[in-house]
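What follows is the residue order along each chain.
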Amino acid sequence: MNAFPFISLLTAVPLIGALGTLSFGARNKNFARNLAFSSSIVALALTLVLCYRFDSGSGELQFQELHSWIPAIGVEYHLGVDGLGLVMLLLSAIVVPMSIAASWQVKEGPQLYFSLILFLQAGLFGTFTALNFVHWFFFWELSLIPAFFLIRLWGGPQRATAATQFFVYTMVGSVALLLAFLAIFQCTNSFDFISLGELARNGQLIPALASKLGWHRLAAEIIALIIFCGVFLGFAVKVPLIPFHTWLPPAYAEAQSGTTMLLTGTMSKMGVYGFLRILLPIFCVEMRSVLTHLLWLAVATIVLAAFAALAQNDLKRILAYSSINHLGYCMLGIFAAARFTGDSAALATDKVAALDGVILQMFNHGLTAATLFWFVSLLEKRSGGLRGLNDFGGLRKVIPVFCGLMGIALFSSLGLPGLNGFIGEFLIFRGVFPLATWTAALAVIGLLVTAIFILTILQRVFSGPLNERWSTMPDLSIGERLALLPPIAIMFVLGLYPQLVLGVIHSTVVKMVQQVRY
Amino acid sequence: MLAWTIYISFLGVLALLLPKVTPRAARIIALLTAVGGLATTLGGFLHRSDGTMITIIRVPWIPSLGIEYHLAADGISLVLLLLTGIVAIAGVLFSWNIEYRTKEFFAFYLALIGGVYGVFLSIDLFLLLVFYEIAIIPKYFLIAIWGSTRREYAAMKLALYSFVGSAMVLIGLIAAYVVAGGKTMNLFDLSRFPFPLHFQMWAFPLVFVGFGILAGLWPFHTWAPTGHVAAPTAASMLLAGVVMKLGAYGCLRVAMTLFPRGLDSWGFHVLGFGSWRDVFALLALIGIVYGAMVALVQQDFKFVIGYSSVSHMGFVLLGLMTLSQVGLTGAVLQMFSHGILAGLLFAVVGRMVYDRTHTRDLAMLDKMHLYKFIPFAAATFVIASMASIGLPGFSGFVAELQVLIGAWSAFPLYAIGAGFGIVIGVAYTWRAMQKAFIGEAEGTSADHSLPPISIPERVGTLVLIGASLVIGLYPQLLLKLVIPALNSPLFSNLRKESW
Amino acid sequence: MTVGYSELFRLVLPEVIVVAAALAVLTTDVLFMRNAGTRARFAIGAVISCIGCVGAIAWMLIAPQQANVFDGTLAIGPQTQLIQISLLGIAILVIGLSIESTFTTHVGEYLALILFATTSMMFLVSTQNILLIFISLEMLSLSLYVLTAFSKRSTRSAEAALKYFLFGGMSAAFTLFGLSLIYGLSNSTNLIRIASAIRGPSLNPLLAVAIVMTVIGFGFKVAAAPFHFWAPDVYQGSPASTATLIASSSKVASFVIFYQVLVIGFAGAEGRGGWGQYIPGWVPVLAIVAALSMVLGNLVAIMQTSVRRLLAYSAIAHAGYILLALISHAQQSFDALLYYTITYALTVIGAFGVVAVVENQIGSDSLSDFAGLSRRAPALSFCMLIFLLSLAGIPPLAGFFGKFYLFASTLNAEPQTLGILWLVILAIAMSTVSLYYYLQVLKRIYIAEPPPQAAPIRTPIVSQVVICLIALSIMLLGCAPNIFLSWLQQAPRIARF
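Residue numbers (the numbering used here), protein chains in the order written: chain E, 2 to 519; chain U, 9 to 507; chain B, 12 to 508.
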């Protein structure tokens with residue numbers, strides 16, 4: 002503990018980069034872009050070093066830093082990273098350079114644009130490593146503001162509404178989160194996630210809540226449930242879970258694709274991360290009491306989002322609903338893992354599998370979705386802004402490399418074995434079937450529908466008769482091919498050898514499952 | 009030494025009254041005076057920073073009545089002195105461009121500041137009242153001479169409301185003085201005097217409302233939006249930033265310490281209220297939500313900020329009514345935080361936007377896409393908005409956090425209501441920011457060549473943002489002053505259970 | 012007790028000096044100055060008068076007397092002498108302000124009348140015999156009537172004087188009737204013996220009538236509602252220095268004697284006026300009068316457009332506040348009364364001084380003529396700011412402390428029950444209202460623009476000096492009231508209470 006402030010350094014890198022880009026990038030566009038990109042590469046390098054020095058065998062938190070910040074209200078500067086956090090850091094470190102590369106040609110105010118991305122990255126790094134609520138909340142909110150401005154200032158025609166909706170939904174969720182945790186602090190005098198988890202495991206959380214918050218003679222469990230709902234709301238809006246999802250499609254569609262890559266690649270994972278880090282350890286008992294409802298929500302998210310994607314005509318919207326759908330699987334895995342299984346070893350293994358799958362799915366989907374949006378942006382550039390499903394046709398003949406690579410990404414999203422998307426979903430279903438059979442069965446419908454709409458894309462955009470308008474569409478340039486190579490490569494590598502990621506997270510997941518055994 | 013904050017300010021006034029002072033010299037004198045005040049405060053800050061009460065000067069003034077010239081400061085006073093110093097400097101910087109009767113402007117400005125310093129330092133209640141009322145007349149003239157919309161009406165309304173408030177306080181204090189034997193007006197001695205319960209039951213609400221009027225207690229807040237909108241920028245900054253805190257300070261320092269039993273339960277319930285504490289907590293909550301909702305529908309940019317002040321002061325008053333250490337600390341911190349941020353917001357609206365575009369109508373600003381022409385102003389406003397809605401990293405977050413924690417145990421429903429108020433706060437702030445700076449999504453903007461943001465404005469902005477950021481990231485600086493002060497014997501009567 | 016003539020002479024020497032000065036002024040003016048300009052005549056006359064007043068003050072300071080002769084006809088002590096010194100000081104200031112007057116050529120008569128009025132006031136405050144009270148009152152009133160009418164070319168002046176005379180005559184009749192009833196009831200003209208004679212278990216109906224009549228008579232003199240109807244016209248119509256005299260020293264003297272008559276003379280018949288604690292007596296009567304004065308004075312002042320009338324209505328309101336001291340009739344109340352009336356008198360002199368300058372140089376005393384004064388005469392405007400804010404009760408000026416002291420001593424008379432709290436609350440509330448109309452004047456002075464091509468104002472030197480001196484003393488008395496207070500309180504009391 003407190004050895005070398007590695008993570009603080011890591012979080013500081015994008016902050017410094019952002020300030021530098023903002024201050025010095027005004028005069029020279031190129032300078033801004035280069036500085037931002039270098040900063041993100043440095044961050045990636047640091048993350049890889051962190052991975053190298055991470056001990057995968059232990060499920061404990063490593064590289065912890067603990068400083069007193071505001072003792073009067075129990076706020077500490079407390080951070081640390083375990084397998085889950087590390088994977089999230091890695092994902093962020095990879096997606097951000099991709100996003101910067103995809104936005105290379107942004108015209109207006111590039112220094113502001115790139116600095117906002119870097120601020121967002123700092124927020125992400127902080128969120129994924131913080132262990133004290135106030136410290137964590139600081140970074141949670143920090144990531145919100147740049148996202149808003151990225152949508153609002155560089156987005157499409159409906160950007161005002163989209164940005165506002167995004168902001169308001171998330172804010173309401175944040176306020177609910179804040180209030181709930183303030184109540185918890187009032188009762189337990191602690192903001193620390195670890196100690197709160199301990200309290201919950203020892204069964205002391207509910208009595209603590211009840212004793213200090215004796216509201217109108219409500220039962221202790223009801224009080225705890227109310228608090229739980231507050232926290233749940235905060236994260237449910239972020240993932241998003243149906244019915245709190247209505248902000249997402251407009252936001253994803255209106256934002257510039259570079260921004261959308263960030264939104265789908267990293268920000269949506271913040272919600273799932275919150276479930277894993279906060280809700281599951283601390284509120285497991287409450288989750289159990291409403292488990293059926295939660296499972297239904299997850300199924301609804303999966304199935305309804307998939308059907309909605311099927312009905313869309315805008316490529317970005319299809320991918321947006323597809324995002325919701327994919328994260329629904331994560332939620333399914335988490336909720337199933339919350340189920341009370343006592344000491345049953347077999348079910349414990351299933352839970353481990355499910356959670357393994359969840360984290361893997363987070364990583365994979367982040368990567369894949371980001372890549373997909375990148376492709377869409379490349380397409381938009383070539384088509385002069387058009388991205389409707391029916392605007393294209395037979396592109397395979399004109400831009401074969403593009404179609405090939407995008408096809409790989411699409412298949413990965415569909416879950417084709419051999420590509421990275423498959424393993425995550427497989428593990429989730431493997432884990433959930435024994436734990437919540439009917440739910441898993443219904444969720445399979447989602448898989449089916451996903452396959453349908455992805456194949457539809459392939460068919461309408463790539464195959465079919467060539468749309469004469471695009472007969473002169475240029476294929477991917479050398480630079481673009483080189484830039485797209487890493488994500489595609491990772492898709493193959495992880496598809497064939499998922500152990501790379503699983504190895505990192507497995508011990509952490511085992512520990513997590515142990516913690517929800519009570 | 010802290011008393012020099014008062015003396016320097018009034019010396020500045022005298023210097024400005026000399027016949028041969030040019031506008032340029034007037035500005036320099038004012039700036040030096042304001043900086044001197046802050047420097048003195050910082051000196052006191054560094055010299056003794058453990059938050060307990062230090063007596064600065066205590067001499068008999070009118071012995072036959074037991075009135076003394078007694079100045080003292082504890083942690084709470086230091087925090088507020090710091091606030092005054094910072095906002096004063098910023099105000100002078102943002103008024104650098106005033107050309108009409110410059111000398112008199114700064115003379116009234118410094119007189120107001122001197123009075124405010126005096127209130128925060130006075131321990132003798134007569135002296136406190138003297139300084140409190142000294143502050144009223146400069147306010148009137150600042151608004152009536154250099155203000156804008158309906159300035160004479162607004163100035164008179166503000167002056168009369170303040171005067172009524174101080175009259176109410178006067179009644180309460182004279183009554184307390186007489187009942188306690190007519191021997192002393194010293195706050196410490198009077199707070200130890202066991203006033204009869206029935207006396208406290210009417211004296212407390214009287215004095216609390218008297219100070220509360222100045223603090224923007226709903227429904228006596230109506231002077232605030234009118235006054236703030238009509239006032240010139242520096243005056244709005246001072247009014248919303250510091251003068252409203254005078255009221256809240258009075259509520260805490262005088263009303264709650266002299267008559268702590270006034271907050272006790274009445275023994276019976278009327279409409280769900282069982283004590284003055286319930287009543288004022290509800291009024292505070294209404295202020296939070298009402299202020300926010302009204303701000304949401306304003307068409308005048310400055311009115312949005314004016315009503316937001318009412319909303320934020322509601323947090324202060326709610327914090328006061330929680331009667332817990334964390335809640336009271338939050339209230340004091342919110343006084344500081346909102347003071348800085350209100351100053352910043354009014355500076356942007358008044359000086360950066362209105363002085364250049366000559367309009368405050370959001371519909372007109374919507375078409376101007378100001379973020380392209382005065383990006384510094386846009387960025388400042390964004391940062392100020394984020395801070396004022398309670399974004400972590402800025403001072404407002406820690407303050408609201410503490411108030412909400414305190415509110416949870418005392419009035420849980422009100423805590424939720426306050427959360428609701430925060431959400432609406434986000435809505436109106438964001439609406440104002442979007443309309444004023446970003447503008448409609450469609451349509452190209454005409455070329456508005458606006459004068460660039462001048463150096464004094466930039467310096468002022470940096471000072472204010474810096475203060476909010478420093479305290480937001482490291483609130484311990486202020487907390488280590490406030491918490492020992494709240495634990496001092498002066499507040500012992502307020503402590504319920506153990507806090 | 013009887014005393015010899017030389018002894019008596021020493022006791023009344025101050026008054027004699029003042030009368031001598033008056034005669035000297037008259038003689039000088041009539042004999043030697045017929046052909047000089049008005050200004051020169053005023054100057055010389057003023058110098059002589061001031062020498063006289065200063066001489067009287069000096070005598071009182073050097074050889075303070077203490078005596079009670081002729082059955083209370085002359086009851087002098089340190090406190091009385093303090094009041095007399097204040098009256099003389101006020102007279103000096105008023106004379107100083109009158110030097111620049113242009114409304115009359117009868118300079119000697121004017122100044123002599125001022126001095127005679129002052130003499131009568133000096134007698135008024137140093138007597139405890141109802142006969143001499145009445146004589147002094149009449150002498151004062153007659154002098155003031157004539158002084159009011161002095162501006163022969165102004166119809167307003169004549170109208171004011173006539174109203175003053177008619178009202179005054181009527182109220183003198185009331186006073187006399189009341190006092191004679193008292194004599195009938197008590198068979199004595201000395202206040203102390205009257206008190207012991209009329210003391211009884213319940214209120215004799217005749218006594219009640221006498222009380223009411225006395226209150227009416229004195230109420231007129233101090234311009235309390237509902238006996239105030241003469242005040243606005245007199246303040247507006249009479250020449251500036253006369254109005255000043257009426258507003259200042261006449262008030263001081265009248266209140267002092269009002270206090271003595273009621274508190275010493277009607278000592279047993281006070282009654283109580285607290286909320287829910289009514290006992291018949293003169294206290295409840297005064298309470299009603301005070302309440303009426305405060306409310307009426309302040310509310311009607313709001314609508315005035317002439318600064319003089321505004322000051323008149325404010326005078327009515329202030330009379331209401333001062334009556335609080337009578338209502339609480341404790342030792343501290345008398346000190347408060349003295350402090351308040353004397354500082355009020357000073358403030359009013361200053362305010363009228365400014366009004367006089369404005370009238371002379373700009374034309375009239377309407378609010379519009381004050382527009383932009385701060386640009387044309389900065390020092391004068393600042394002094395007016397001081398005066399008006401002191402009247403409103405804004406610290407750190409003398410008016411604030413005066414009000415505070417007054418209210419505190421009123422409540423302090425009954426610390427346990429805070430008897431007359433309702434009236435104090437009313438007073439504070441009405442005082443708040445008063446800020447509105449004072450700010451109206453200040454608004455004109457500081458905020459409104461001066462008329463175009465407006466020349467700067469040349470204030471005459473003596474007026475300037477006097478006004479600034481008064482402003483300084485108001486600020487001084489406000490910041491360090493102890494200077495005056497200790498003087499007030501050190502004067503040991505004659506056995507009166």
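It should be emphasised that the hints constitute simulated quantities derived from the structure, not laboratory data.
Any given hint could turn out to be false.
Claimed, not checked - As a list, the in silico DSSO-like pairs of lysine-lysine whose alpha-carbon atoms are at most 27 Å apart: (1) B:Lys-174 to U:Lys-28; (2) U:Lys-380 to U:Lys-443; (3) B:Lys-174 to B:Lys-163; (4) E:Lys-382 to E:Lys-30; (5) E:Lys-382 to E:Lys-398; (6) U:Lys-443 to U:Lys-375; (7) U:Lys-165 to U:Lys-111; (8) B:Lys-454 to U:Lys-165; (9) E:Lys-108 to U:Lys-375; (10) E:Lys-382 to U:Lys-380; (11) U:Lys-165 to E:Lys-108; (12) U:Lys-28 to U:Lys-111; (13) E:Lys-108 to E:Lys-30; (14) E:Lys-398 to E:Lys-108; (15) B:Lys-454 to U:Lys-111; (16) U:Lys-443 to E:Lys-108; (17) E:Lys-30 to U:Lys-380.
What the hints assert, rightly or not - Covered stretches of chain E (in silico footprint by chain U; criterion: 3 or more residues with CB under 8 Å from a CB of chain U, positions within the stretch not fixed): (18) 64-75; (19) 182-189.
Keep in mind the model is a prediction, meaning the values are calculated, not measured.
Where is the CB? At the ideal position from N, CA and C, for every residue including glycine.
Against the structure, the hints:
no., hint, verdict
1, B:Lys-174 to U:Lys-28, "50 Å, violated"
2, U:Lys-380 to U:Lys-443, "13 Å, holds"
3, B:Lys-174 to B:Lys-163, "16 Å, holds"
4, E:Lys-382 to E:Lys-30, "20 Å, holds"
5, E:Lys-382 to E:Lys-398, "18 Å, holds"
6, U:Lys-443 to U:Lys-375, "8 Å, holds"
7, U:Lys-165 to U:Lys-111, "25 Å, holds"
8, B:Lys-454 to U:Lys-165, "13 Å, holds"
9, E:Lys-108 to U:Lys-375, "22 Å, holds"
10, E:Lys-382 to U:Lys-380, "25 Å, holds"
11, U:Lys-165 to E:Lys-108, "51 Å, violated"
12, U:Lys-28 to U:Lys-111, "10 Å, holds"
13, E:Lys-108 to E:Lys-30, "9 Å, holds"
14, E:Lys-398 to E:Lys-108, "31 Å, violated"
15, B:Lys-454 to U:Lys-111, "18 Å, holds"
16, U:Lys-443 to E:Lys-108, "23 Å, holds"
17, E:Lys-30 to U:Lys-380, "17 Å, holds"
18, 64-75, "holds (count 5)"
19, 182-189, "holds (count 4)"
Of the hints listed earlier, those the structure fails to meet are numbers 1, 11 and 14, in rising order.
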